[in-house]
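If you're matching them up, the sequences are chains A and B in order. Sequential numbering of the first sequence, starting at 1, is according to my numbering. Sequential numbering of the second sequence, starting at 1, is according to my numbering.
No lab work stands behind these hints: they were computed from the structure. You may find that some hints are simply not true.
Below, computed lysine-lysine pairings styled on DSS-like, alpha-carbon distance capped at 27 Å [unchecked claim]:
1) B:Lys74 x B:Lys223
2) A:Lys126 x B:Lys264
3) B:Lys74 x B:Lys264
4) B:Lys169 x B:Lys70
5) B:Lys251 x B:Lys264
6) B:Lys251 x B:Lys169
7) A:Lys96 x B:Lys74
8) A:Lys126 x B:Lys74
9) B:Lys169 x A:Lys126
10) B:Lys264 x B:Lys70
11) B:Lys169 x A:Lys98
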Amino acid sequence: MKRKRLLRGFLFGYLALVLIFIFAPIVFSIIFSFNSDRFPTIPLGSFTLKWYETIWQDPDVWEAARNSLIVSLSVASVATFLGFATAYTDYRYRFKLKPLYLALILLPPTIPLIIMALAMLAWFAKIGLAGQVISIIIAHTVLTAPFAMAIIRLRLSQMDASLEAAAWNLGADQWRALRRVIIPFCRPAIISSFCLTAAVSFDEFAIAWFISGLNKTIPVVILEIVTGNIDPQVNAIGSFVFLTSITLVVIAQVVFMTRNKKEKAHHG
Amino acid sequence: MSVSDQSPQMPSTGRATITPDRRSRLFKHALRLPIVVWQGLFFVAPLFFLVAMSFFIVRNYRMTEAFEMKNWLKMMSRDYFWDSYGLTIGLATLATLVVMTVAFPAAYTLAFRVSENTRRWAVFLLIIPFFTSYLVRIFSWYVILAESGVINAMLGYIGLGPFIMLNTKFGTIVGYMTLTLPLVIILQTFALANIDRTLVEAAHNLGCRPWRTIVRVVLPLAKTGFIIAAVFCFILSFGDFVSPYYLGGSKPPTLPILIIDTVKSGQQWPRAAVVAVVMMVTLFIVAFGGIAAAYRRRLS
């Protein structure tokens, strides 16, 4: 009995350590952003807001924040639309080249970002789309559409297939059934997908760095500061970036989970 | 589950929905085609162009479309290319072994020792870092692992160190773990949680000792999920440039860093394309090998 308790203690202690390892960089980055030392360590220096003041007054950061906002909102909209259309196609139709069709949308996350970055840099230069905000939007949409597709597909698989058929039988045409039955049912997944794709786009730096030209996004600015030398400004921008993406991801998960729970409670 | 091709022309009630065939086809294609066009133009085309580009030549700092083996011969004959290749494969393999091992006790605990509710919360927590700026997390490690950083300061209190952790393989692996550990734990947890518990109990009842149960019963049952986790871990580590650059010191560079150096300083896009194509071929082999192993029926 004693050995069992020991093992249990060990396993939970281990799990705690792993979680500490995973969250340590996030927590330390936030702590360091309020720390006066140029090279933070233990014991901590005094409390300061000067790193936040520095980035607040930096026009480059503002410009990048504006670009990031435009890019991630556009990416989230287009990727969610494409993801929805693909998820619905997969849910509703069966056709010959379907495995190929699904591979087309699901493969991008398995290709290393650095390879996609080089390929897109060269291709966009060739078709005359280099160095524009729209090029980043296009590239990020390719990257994030699979996430949108996966989330919405998961939701569709929870749907009672007879719902849509019922709408048809009651005289709704396919567009109307889609708008009035399918989309409302998928709404939590659509919201989740919007937040998650926005978060991925907001944090992506490799492709953006290669193709953005002068239209830098926030992660590209961070990458350039980091390449220079140690500068605690990064912690300040970083904390802001963490806060944004954690908020988006948490919203995405909460929306998706609570809706499911409610429905389960309703049925059971 | 799916209503595969169930068309509204066949309503079960008497009322005929007169949706003309043409409209139905329009509906179908309006949903199906956008992604094909989009991914065709912006995903497949760039990759094909990348392969083509590896045969282009650079003359007077300008890239000209051609079909020559020059870049391939040049890169293949250089020792530094093969050094980078060996290093990248070695580091990614090491990272995969370390991450799979480190993740296992955590995934085991989440799969077998906690309630379903706790597991859901743990997965909820583990998803967050996956979508949170990797770049800033690595910068944070850079400061934490430094010679006068947090870890060495803490070790200093108990009279140890300082240890050099930056610009070493250790640093690189810490970075790779930051990238892949949450994902691997999630995939392992799902793989373990899905196995049939009665088989584990049967082994236990028949007197099988815990370790033996894990090796002979649990792991074979969770094989597919574990291989998928390992393949993802390898792909992510193999393609990452941030950890080996900022934490590993980049001497010698890994393949992703080699691509960046070749593009950013040398303007030699075609040679970078050669490196990228070699990387893709390697990853295809690893991925297909993994999938083949995952779905192979057990002999005997």
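So, going through the hints one by one against the coordinates:
{"no.": "1", "hint": "B:Lys74 x B:Lys223", "verdict": "41 Å, violated"}
{"no.": "2", "hint": "A:Lys126 x B:Lys264", "verdict": "18 Å, holds"}
{"no.": "3", "hint": "B:Lys74 x B:Lys264", "verdict": "19 Å, holds"}
{"no.": "4", "hint": "B:Lys169 x B:Lys70", "verdict": "33 Å, violated"}
{"no.": "5", "hint": "B:Lys251 x B:Lys264", "verdict": "18 Å, holds"}
{"no.": "6", "hint": "B:Lys251 x B:Lys169", "verdict": "10 Å, holds"}
{"no.": "7", "hint": "A:Lys96 x B:Lys74", "verdict": "43 Å, violated"}
{"no.": "8", "hint": "A:Lys126 x B:Lys74", "verdict": "24 Å, holds"}
{"no.": "9", "hint": "B:Lys169 x A:Lys126", "verdict": "38 Å, violated"}
{"no.": "10", "hint": "B:Lys264 x B:Lys70", "verdict": "20 Å, holds"}
{"no.": "11", "hint": "B:Lys169 x A:Lys98", "verdict": "43 Å, violated"}
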